[in-house]
Amino acid sequence: NTDESVRGIKEFLPRIEELFDWEPYKSEWLKDVMTFPLYQPDSILDQARDSLVNYVNHNHWISPEGQLNFFDKIWRYFGKPIDKTYSFSGSKVYASGQRLCLCEAYEDTLIWVASAGISSKRLDVKQVLRADSTYAKSYFQLLPLNRFRRYYGGQYTISSKHWERSRPYEAIDIQHDSLLSGGHNHVVFYQGRVELPNFLTMQPHKRFTDAMYRNGIHEVSLRQMPRNMLGTCNSIGCIRVSDYVSKFVRWWVPQDCNFFIAYEPERYHALMTDVNISDLYPIHSNEEGDLFREWVNDHYPYYAKHVELGKTGDYKNGYIQQAYFELGDEYERSQQHEDEQ
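So for the sequence shown, the working numbering puts the first residue at 1223; every next one is plus one.
Hints were generated in silico from the structure; no laboratory data involved.
Built from N, CA and C at the ideal position, the CB exists for glycine as well.
The reader is advised that the hints may include incorrect statements.
[What the hints assert, rightly or not] Here are the in silico distance ranges between beta carbons for each label pair: (1) E1560 <-> E1326: 44 to 54 Å; (2) R1372 <-> E1250: 23 to 33 Å; (3) F1411 <-> G1312: 24 to 34 Å.
Could you build all of it, start to finish, from the sequences and the hints given here?
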């Protein structure tokens, strides 16, 4: 693949002001806080919420209380949208381009509302017998291509909408679900142990009898690596999305809506052998990585806590790599400023 053939990921998601037709903010401070609230501490977001009472739209079909609930449980997790051509894991670089498109139907027209990076199937699991006669789980590559193309059907129904442990499910959430055909507070776990937050069950259409059942759309949760791999295939079957996108889609998508899967087999999985990871990610050691980790923890402690980015650790894991995609430009400018002093 050449750069011209790589679609890349450029997320766009509706802002809270657009969703509810709010008037423009009169305060530059509030406007700044509301731009990317994920990087703000709770104390600042609490102050912003107090101010938002003056902006809620009393004529919107979502009540003022529902609009503030959206801020409390969804918008405060909004960070910089993904905008990249490549993703990488270790020293390997992959072409990015897998996306989830959200559309609304108005009579005979589809309106493209949002686009978000996803990860679909690349791996499968098998049990390996060890020397001590116990079994261990092992992952191997199995793409949904050729005779395995039937793994994904072309059409699904979102048959149920689940919740997550980190947010309370309250009366106002029940009310919102009732407006969108259903939903509940049940939390889904993988093999009874690993939470799959905001799981949306994908029920294959009856025409696709060989499609895998029990898959769904959910927040990245099983490993560190996929947090940096959204936009490329990297899951064991489900459709993985970011933390914010999982919360937004859980709120926005009606139960029993249609979900379609389409892809070109020859472009499904692209390992970029002619792209050097050093050109994409300038952190080359744990020492350099820890300097960046410390900077993030000092300047954005709430964000660091939320994404579980400690002050020390592997410089190549998915947490730090995703943080660099979001905050790397600001970090490099700060280091250049220090060098000039």
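Which earlier hints can't be squared with this structure? 2
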